[in-house]
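K.L.:
The chain contents come next:
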Amino acid sequence: MNNKTIDITNAELVMEDIIDDLIDFYDTKPITMFDDKKQVPSVDEVNKIIDDLKKIVFPSYFSQVKVNKENAHEHLKKMLFDLDDKLNKQIRLAMLFCKKQDCDEKHLKSVCDQFIGSIPKLQNLILKDARMIFDGDPSAVNLEEIIISYPGFYAIFVYRFAHALYQLKVPIIPRMMTELAHSKTGIDINPGAVIGDNFFIDHGTGVVIGETAVIGDYVKIYQGVTLGALSTHKGQLLAGVKRHPTLKDNVTIYANATILGGETVIGRNVVIGGNTFITSSVADGIKVSIKKPELEFTEFSKK
Amino acid sequence: MNNKTIDITNAELVMEDIIDDLIDFYDTKPITMFDDKKQVPSVDEVNKIIDDLKKIVFPSYFSQVKVNKENAHEHLKKMLFDLDDKLNKQIRLAMLFCKKQDCDEKHLKSVCDQFIGSIPKLQNLILKDARMIFDGDPSAVNLEEIIISYPGFYAIFVYRFAHALYQLKVPIIPRMMTELAHSKTGIDINPGAVIGDNFFIDHGTGVVIGETAVIGDYVKIYQGVTLGALSTHKGQLLAGVKRHPTLKDNVTIYANATILGGETVIGRNVVIGGNTFITSSVADGIKVSIKKPELEFTEFSKK
Amino acid sequence: MNNKTIDITNAELVMEDIIDDLIDFYDTKPITMFDDKKQVPSVDEVNKIIDDLKKIVFPSYFSQVKVNKENAHEHLKKMLFDLDDKLNKQIRLAMLFCKKQDCDEKHLKSVCDQFIGSIPKLQNLILKDARMIFDGDPSAVNLEEIIISYPGFYAIFVYRFAHALYQLKVPIIPRMMTELAHSKTGIDINPGAVIGDNFFIDHGTGVVIGETAVIGDYVKIYQGVTLGALSTHKGQLLAGVKRHPTLKDNVTIYANATILGGETVIGRNVVIGGNTFITSSVADGIKVSIKKPELEFTEFSKK
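Chains as they are written, first to last, in my numbering: chain E, 30 to 332; chain C, 30 to 332; chain R, 30 to 332.
Incorrect hints may appear among the rest.
When chains are identical, the list treats them as one kind, so a pair holds in a single copy or across two.
Unchecked claim - SDA-like mimics (lysine to any residue), calculated; alpha carbons at most 25 Å apart, straight line:
hint	residue 1	residue 2
1	213	171
2	263	327
3	150	136
4	83	94
5	271	171
6	77	48
7	263	200
8	107	73
9	58	226
10	115	93
Just so you know, these hints were derived from the structure itself, not from any lab.
Pulled out of the complex, with its shape left as it was, chain E reads as follows (with noise of 0.2 Å):
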């Protein structure tokens, strides 16, 4: 793996040699050593201002404290400011890291400023999300159990913040949320996409939307869906280009799916069966499904 010698009797000088390396290699490659003006946002404070996002949504479902009509202003007015507090300490890293930002503190408290007062409208769309995903799943009991338990709700509840961010053109925040969700839930949507009232995702392990796609309302989409580009082999050069598909209002996209390009378009009503693969747009009205199971049986005796 190596081609130093190691010297046992020596392993002071080759830890030396190790640390020498290392070293050398944070002062070639300028993008791992910052200085005090540019650091990474935090991962751990991205997650808390996640869970505070839900304890300020749905305060009886993941507030430590017991919230009651006596306590709530007090409660929700002190989860508010420190919300405010975290968010506007890993959005100035973000910025100032990205440089491209100008990060005075105006623009900084404004875009807090606006995020936090999305929260309210962001709140009723996020119940509309829940009431969805109950009325189309069978295996449902009710609506808290989906709140407490269901990923396509928390991959969607976390999506609808980071999008909030992603508009308000914060940096790199919108992305670490939807991959703290991708990592807990297997459902990766890129922050960019737009998404309409009344979305629905079940089981949803391997699902892929992708940053320039657009989706209507009332859309339902299962596990293993990919909503993504025909290519990517131009790689950077592509930044910018709408790449993924556009779904119109009642699409349902059964598991396993895959729908590619950003001229794509699936139309209203459409229902797309299984395994299918569709790279040409679809119009209103219509149900895709595999021609027939092209499958072949043979009798097997079993060793």
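Go by the hints and put chains C and R onto chain E.
P.N.:
Only chains C and R this time, still in chain E's reference frame:
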């Protein structure tokens, strides 16, 4: 995102508006604010219940305490009483929460006792699962490696206990348990599924086993396999209907196969090849595979 | 679930029965009870080893301590000695556990030294992986975002170190490491796989790379791709046999493609389209895709 005018000199007033909107939401959406009697079970506590079960079933693997012949009795007694206490609290919350269920102390105690009484039987089942996984995986080195690190084993472990609570008609908690395992492993087994002895899952990411699936003994399943419903557009109207397939003994299903429908029965000794899509029954002893890869090969001048 | 009669007035006796059953199990199943010499390595400690490696390789990203030119040497020295200590303890447990391996102190020390000596080389490899991921992903904004939040990068990072331990014939620990990454990312890379420079995984959920896969330089893999075995029904008899494919340099494999078989060789510059199922070799410079989507389009009157 929100059409309030953000007046930076007037931040306090804006914050009051946001708080009012949130409290309004809590007041008018009955699902968000609970009284002292109605509280959701705690995800953290349910996670601790799973950890306790690991330490009870395989003390030498997961317990911080060194368990040996001398202290095993004392250790287990303490662990079982702790577990009983945690179960009692969370099941009480779940029962009170769902209201449909009475929560007289006698019934609650009987449920906890029956669950704890089932641990030795489940311990035996689970060790058989570990052996099945070891025997079927050429890359496995020993049984212990499977118990401490294999996701398929972990998902089956959690499912077996969640299913025991499901059979005792405990609401919410079983699904919370399997969703915790889903989050860790990408394997989504509904606690309602009925699964025989010696069950094997390898790799596992993307596996979905629906609520009404019935699986025999010695069944092997690989990553990305769905045992799902043909259509769920009727949503809650389908609650209780058998929507997911039945697999007889000795069935093997390779990666990313999809098997759908409550009337689909996969016969004994059947082998289902990778990437197949199956919506009708398969007789005993048949091997099913994709007819031939319908692929296009074009010469490709790399740009 | 269990056919003991639960007598509620007699709870103590019932509990004693359960404890007896559990202890009986420990006594009769040789795998469950260990003596002082035989203990399994700790998942928590192996997780800490990964965290240490992150802090050593990219201090400005993951270290709580602010690392700069002045304190880098001291910081690294401390980190490397801590890492050595943790490695030493866990590798000793793994070696003693598997018995096959001797664990004389000299051999153990040599293994730890060789591993730590390989860190600078792996640090270079890993930064090349990050660059490859950045160049290939139009939605990536900068390299730092990839290092702190991309699951593909994290899985490759962990794989590179796990593979180094695998090459040093350390048992159990390498798989524990890659399974920790699998749990976080949905990407399952067996530590035995041989992977060249500049490796790229995007989205990644559902990726499976088997133990005997061999992958060249500049290879790109998307979510849901399996590099697997054709059949594993011979189980442990296949241990050591090449069961997984070989990918030459510059291969791209799009989402949810499945490539199977130890004799399957994918040639240089090949592009494998999404959803393909491949069980035989492909010559250099070929693009493989699904012939045409075999789909059925039916008009669908929404109920």
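K.L.:
Classify it for me, residue 83 with residue 94: is the Cα-Cα distance of at most 25 Å met within a copy, between copies, both or neither?
P.N.:
within (13 Å within a copy, 30 Å between copies)
K.L.:
Taking 25 Å as the upper bound on the Cα-Cα distance, should residue 107 and residue 73 be classified as within, between, both, or neither?
P.N.:
Both ways: residue 107 and residue 73 sit 20 Å apart in one copy and 23 Å across, limit 25 Å.
K.L.:
At most 25 Å between CA atoms: does that hold for residue 263 and residue 327 within a copy, between copies, both, or neither?
P.N.:
between (44 Å within a copy, 20 Å between copies)
K.L.:
Can you tell me if residue 77 and residue 48 fall within 25 Å by alpha carbon in one copy, between copies, both or neither?
P.N.:
between (34 Å within a copy, 20 Å between copies)
K.L.:
Have a look at residue 58 and residue 226 and pick one of within, between, both or neither, based on CA distance no larger than 25 Å.
P.N.:
between (45 Å within a copy, 18 Å between copies)
K.L.:
Using 25 Å as the alpha-carbon threshold, which applies to residue 271 and residue 171: within, between, both, or neither?
P.N.:
between (38 Å within a copy, 19 Å between copies)
K.L.:
Please work out whether the CA atoms of residue 150 and residue 136 approach to 25 Å or closer within one copy, between two copies, in both situations, or in neither?
P.N.:
Cα proximity of residue 150 and residue 136: one copy only (22 Å, versus 43 Å across).
K.L.:
Can you tell me if residue 213 and residue 171 fall within 25 Å by alpha carbon in one copy, between copies, both or neither?
P.N.:
both (22 Å within a copy, 24 Å between copies)
K.L.:
Check residue 263 against residue 200 for me: Cα-Cα at most 25 Å, and say if that holds within a copy, between copies, both or neither.
P.N.:
within (23 Å within a copy, 41 Å between copies)
K.L.:
With 25 Å as the alpha-carbon cut-off, assign the pair residue 115 and residue 93 to within, between, both or neither.
P.N.:
Close inside one copy (19 Å) and across copies (17 Å); limit 25 Å.
In this structure, every one of the numbered hints holds.
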